[in-house]
Structure formats: C-alpha cells, structure tokens
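From first to last, the protein sequence lines are chains U and H.
Under the working numbering, read the first sequence as residues 1 to 255, first letter to last.
Under the working numbering, read the second sequence as residues 256 to 561, first letter to last.
Check before you lean on any hint, since a few could be wrong.
Cut-off 20 angstroms, straight-line C-alpha distance, at most; resulting in silico cross-link-like pairs (SDA-like, lysine to any residue) [said to hold, decoys possible]:
1) U:164 <-> H:544
2) U:86 <-> H:274
3) U:164 <-> H:388
4) H:544 <-> H:450
5) U:164 <-> H:482
6) U:86 <-> H:544
7) U:86 <-> H:311
8) U:86 <-> H:482
A partial selection of chain U residues facing chain H, derived with a Cβ cut-off under 7 angstroms [to be verified]:
9) 3
10) 86
11) 95
12) 173
Keep in mind the hints are simulated off the structure, nothing from the lab.
Here a beta-carbon is modelled for each residue, glycine too, at the ideal position from N, C-alpha and C.
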Amino acid sequence: MGGQWIAFQTIVIKEIRRFMRIWVQTVVPPMVVTTLYFIIFGNLIGSQIAPVEGHSYMDYIAPGIILMSIINNAYANVVSSFYGAKFQRYVEELLIAPISDWLILTGIVVGGVARGLVVGAAVTVVAMCFTDLQLHSPLVVIAVVLLTAILFSLGGFINAIYAKSFDDISIIPTFILTPLTYLGGIFYSIEMLPPFWQQVSLFNPILYMINAFRYGLLGVSDVSLAGAFAIISATIALLFGISVWLLHRGVGVRS
Amino acid sequence: MTNALEISQLKKTYSHGVDALKGIDLTVEEGDFFALLGPNGAGKSTTIGIITSLVNKSGGTVRVFGADLDQQPMAAKRAIGLVPQEFNFNMFEPVEEVCINQAGYYGVTPPVARQRAERYLRQLGLWEKRRTIARALSGGMKRRLMIARALVHEPCLLILDEPTAGVDIELRRSMWQFLREVNSRGTTIILTTHYLEEAESLCRNIAIIDQGRIVEHSSMKELLAKLHRETLVLDLQSALTTPPTLTGYPCRLVDPHTLEVEVERQQGINALFSSLSQLGIEVTSLRNKSNRLEELFLSMVKEVQE
Ligand SMILES: Nc1ncnc2c1ncn2[C@@H]1O[C@H](COP(=O)(O)OP(=O)(O)O)[C@@H](O)[C@H]1O
Ligand SMILES: [Mg+2]
C-alpha cells in the first residue's frame with residue numbers, strides 16, 4: 001500500500017505541475033473572461049436590472065460565474081491532460097505500472113480538482129474587485145466546490161477516454177457543457193422563466209450545483225439543498241464507477 | 256528455479272479481426288538473455304504488449320516470475336521494466352523527471368528515485384541532459400532515456416522491443432555492452448529484434464516467431480548449427496535399397512530413387528560427389544531442400560536492408 005500511495009502522489013504532483021507550468025494558458029484566461037463578465041453583465045447591464053431575490057444583479061451572478069470557471073477548468077484539465085497522455089502514449093507509463101485503476105483515476109481527478117480550486121480562487125479574487133462577496137455558509141461552499149470539481153473532472157476523463165482526436169475534446173465542452181452551464185441559471189433565477197421551462201431546467205444537473213453554491217455564498221437557492229447534494233453525489237458515484245470500469249477494460253487506451 | 260516468463264497458448268485477435276498471435280508457448284529462464292526474433296508483423300510487439308499489460312489478450316496465460324497476469328497483476332507488473340518500440344514519454348518533460356516519475360509510479364520514494372535516476376542517466380550518458388526536455392534529444396538519446404526509465408525501479412525482468420532499430424552501429428554496440436552488464440548483474444533480459452546479428456551477439460536462447468506462431472524455440476547454438484546446415488535432395492539413376500555410407504555426410508533414403516544428404520555449409524560438396532562416384536551411384540539431378548527457417552531469415556535480412 002505504501003507503494004501505491006507514492007504512485008498516487010506522483011500522479012497528483014505531475015498533474016498539478018502540468019497546469020502550473022502552462023499557467024498563462026490555464027489560469028489567466030478565466031480571469032480575463034470573468035473580468036469581462038463582471039464589467040459587461042454586472043456593471044453595464046446589471047445596473048439597469050432590478051435586484052434578484054434581494055441581491056443586486058452583480059452579486060447574484062457572481063457565484064455562478066465562479067462556479068462556471070471551476071466546472072470548465074476541472075473538465076478541461078482532465079480531458080486535455082489525459083488525452084495528451086493517450087496521444088503521446090505516455091499513458092503507457094501508468095498502464096504498465098503496479099497501480100490500481102481506481103487510484104490512477106483518483107490521482108488524475110485530484111489534478112482536475114486542484115486546477116478547479118486554483119482557478120476558482122483566482123476568479124474569486126477578480127469577483128471581489130467588483131462585489132462584496134458574502135459567505136453565508138462556508139461548509140456548503142467548500143462541499144459544492146469540491147463535489148462539482150470532482151464531478152466535472154470525471155466527466156473530462158470519460159470524454160478523454162473516448163476521444164480519438166483533438167476535435168473530440170472540444171465537442172462536449174462546446175455543445176453540452178457550455179449550454180448547460182448558461183442554462184443552469186448563472187445569469188438568472190429560474191423563477192423568471194415560464195413554468196414549462198422551469199420544469200425543463202430541473203433536468204439540468206448544473207442548475208443544482210449553481211444554486212447550492214449560490215446558497216453557500218448568498219443564502220438563496222431555487223432548489224432544495226438536500227436534493228442538490230443528493231443529485232451531485234449520485235452523479236459522482238455513477239461517473240466514478242463508469243470511469244474505473246472503462247480504465248479496467250482499457251477502453252481507448254489498450255488494444 | 257522459477258522461470259522469469261511462462262507463456263502458454265497465448266492468443267490475440269485485434270478488434271478488426273487480425274489474428275496476431277495464434278497460440279504461442281514460450282519459456283524464459285531466470286537470468287537468461289533471450290531473443291524473440293521475427294520479421295515485421297510477426298507478433299513480437301503484440302506479445303510484449305500482452306506481457307506488459309498494454310494489450311488485452313484473447314486467450315492463454317502469462318506468468319511472470321510465477322505471478323499470473325490475471326490473478327496477481329501487481330506482482331507481475333512490479334517485476335517488469337519495459338523499453339517499448341515507439342517513444343512513449345511526455346515530450347515536454349525534462350529527462351530527469353521522466354525517470355523520477357516512472358520510479359514513483361512503481362512506489363519508489365522520491366530520494367531513492369532521484370539517486371537511481373542519476374545512476375542510470377549517468378550510465379547511459381544522459382546525465383548532462385537531465386534538464387533538457389525529452390523532445391530535444393536525438394533519436395539515440397531518446398532510446399537510451401527509455402532504457403534508463405525502464406531500470407529506475409530495478410526490475411527483475413527487462414523487456415526491450417527492438418531497442419536498436421534505427422540506431423547507428425557505434426551506439427548499438429555500446430547499448431549491447433550496457434545490456435550485457437545489466438544481464439550479468441542478474442537481470443533477466445528479453446529483447447525482440449529482427450537482426451540475427453544482434454541476437455547472436457547477445458542472447459543465449461532464442462525463439463523465432465512468424466505470423467503469430469513460434470517456429471523455433473532453442474538455444475542460440477542449436478539455431479546457428481541448424482542455419483549452417485543444408486539439405487540436398489539427389490535424384491538417383493538406379494534404385495537403392497539401403498542408404499549408402501558417405502563419410503561426413505549423414506544421409507537418408509526418402510524412396511529408392513531419392514536421397515537426402517545433410518551438408519555443413521563450410522564443408523563443400525566435392526567430397527560428397529567423389530564418394531558417390533566411388534560407390535557407383537549416378538545422380539541425375541540435384542536441388543536444395545527448401546528450408547523454412549532459412550527463408551525466414553532471408554526475408555528478414557531483406558527487410559533490414561530495405
Ligand atoms: N493495435 C493494433 N490493431 C490492429 N492490428 C494490429 C495492432 N497492432 C498490431 N497489429 C497487427 O498484428 C500483427 C502483429 O503486429 P506486431 O505485434 O506489431 O508485430 P511485430 O512487432 O513483430 O512487427 C500485424 O499484422 C499488425 O498489423
Ligand atoms: Mg514490433
């Protein structure tokens with residue numbers, strides 16, 4: 001087990017070094033994008049909008065914007081790191097070594113979570129330049145951030161397993177992740193939607209994460225907190241199971 | 256004594272139906288220097304891939320130092336160090352990090368990993384390059400990096416898949432010398448190659464694989480003896496009932512009009528014909544019996560030259 005622990009640490013450190021080495025490509029862009037969001041949506045447009053659920057528009061959108069960066073970066077880290085490892089074949093360094101599949105997966109996921117946290121912190125600093133962020137429930141904030149980062153790291157992993165070209169690693173983020181995030185209520189409360197679209201929105205898992213996170217910061221949410229955590233945890237369990245199975249079978253990495 | 260490797264009835268059918276291995280058996284003793292020789296596409300890399308868990312097998316069993324690959328995969332993996340045929344390190348990682356990380360994957364603690372990385376990088380003449388990113392190395396250096404990487408966890412079985420393909424003669428010889436030393440310190444070595452010369456210079460035992468089948472599994476000595484012998488088929492004018500005695504040439508009567516004679520290559524056939532004429536045996540025609548092994552080698556030599 002000692003050996004496995006060292007192997008796990010090696011994977012995590014290698015993953016973290018990778019994205020820190022290219023911080024200009026990994027940490028800076030989300031900060032730039034966030035600044036633009038706050039200036040355009042928060043400042044220029046937001047000043048024309050009535051308070052939402054008792055919070056200024058700028059305050060209301062801040063949690064969603066922070067969480068969106070965490071989602072995107074956790075996902076992007078794992079999908080590009082693991083696809084890169086497949087593409088250059090150095091994934092074989094892991095496959096031949098005596099490490100359990102679940103530990104390989106966990107190490108890679110921790111790398112994704114680390115990038116989510118680093119970027120999340122950077123974006124939070126940006127947010128604090130524009131709004132006074134409150135902290136309604138630190139425990140909820142920490143839990144949501146970690147679980148969300150884990151969930152999307154796993155998503156990125158499954159994407160990378162099936163990806164056969166660099167195009168395949170941008171299809172899911174562009175056509176699924178981004179729309180779901182935008183429709184998950186970053187910029188609006190689903191109560192502003194017609195009843196039908198409110199119902200449809202409830203099928204969007206990202207809605208639960210954004211609302212749980214907003215609850216942690218502002219104390220307001222469109223959905224029940226317990227329900228949100230149940231859905232997030234169940235999704236993580238499912239994705240983890242699928243990922244370990246894929247790795248065990250060698251799908252996409254072993255012929 | 257346990258064997259370093261025992262393969263039995265190993266089969267591999269790739270997903271689109273290529274039968275790469277058709278049930279091979281292979282045994283490599285502990286401490287051996289073993290060559291798996293065969294032309295391109297014979298199934299060498301597939302075999303290595305299965306032994307090292309990079310390829311899923313379709314049937315059969317593999318044991319590495321007694322550990323069954325299915326039942327005790329961790330023990331089997333720990334015993335093996337692999338130098339694959341294609342470069343497979345992170346091109347953007349510094350040389351030293353490539354080795355240290357690999358050691359970490361095998362559970363070697365960081366201080367020990369650093370020591371060993373230094374030891375093997377020095378031995379392979381790469382220590383000066385330790386901070387260089389792997390991509391910037393020359394082809395020969397990349398090969399040596401993969402050898403260093405394969406040794407950092409000090410495996411009992413070192414497997415090299417065509418380690419000297421595309422490496423110039425001088426470097427090839429120094430790699431051979433290095434591998435001999437590794438072997439003399441007790442590490443079992445298996446290498447695949449399609450240079451007979453390489454196998455001849457390094458290996459004690461050998462298996463030859465062709466089209467997914469083992470066609471020869473013997474000591475290097477026996478193989479060379481076989482290759483230096485050829486069989487001539489003589490058609491006779493008149494029928495014989497018993498094979499004649501031809502000093503120095505073992506022979507066999509296939510039918511009353513056909514005689515097969517074994518000839519060592521350096522022996523020549525003048526003496527054979529004088530014995531035949533002394534015995535009054537008239538030969539109407541003469542041909543070489545086709546030799547599967549020899550054909551295989553001719554095709555390999557041709558491949559290497561191309
Ligand atoms: N990943 C793969 N998918 C499909 N066929 C493969 C794959 N790898 C090898 N083959 C086929 O299997 C056979 C054996 O290949 P290989 O083991 O690479 O031979 P060698 O290493 O002796 O040159 C060849 O016919 C080759 O085309
Ligand atoms: Mg090969």
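**Request:** Quick one: which hint numbers does this structure break? Sort them smallest to largest.
**Result:** When the structure is compared with the hints, numbers 1, 2, 3, 4, 5, 6, 8, 10, 12 turn out to be violated.
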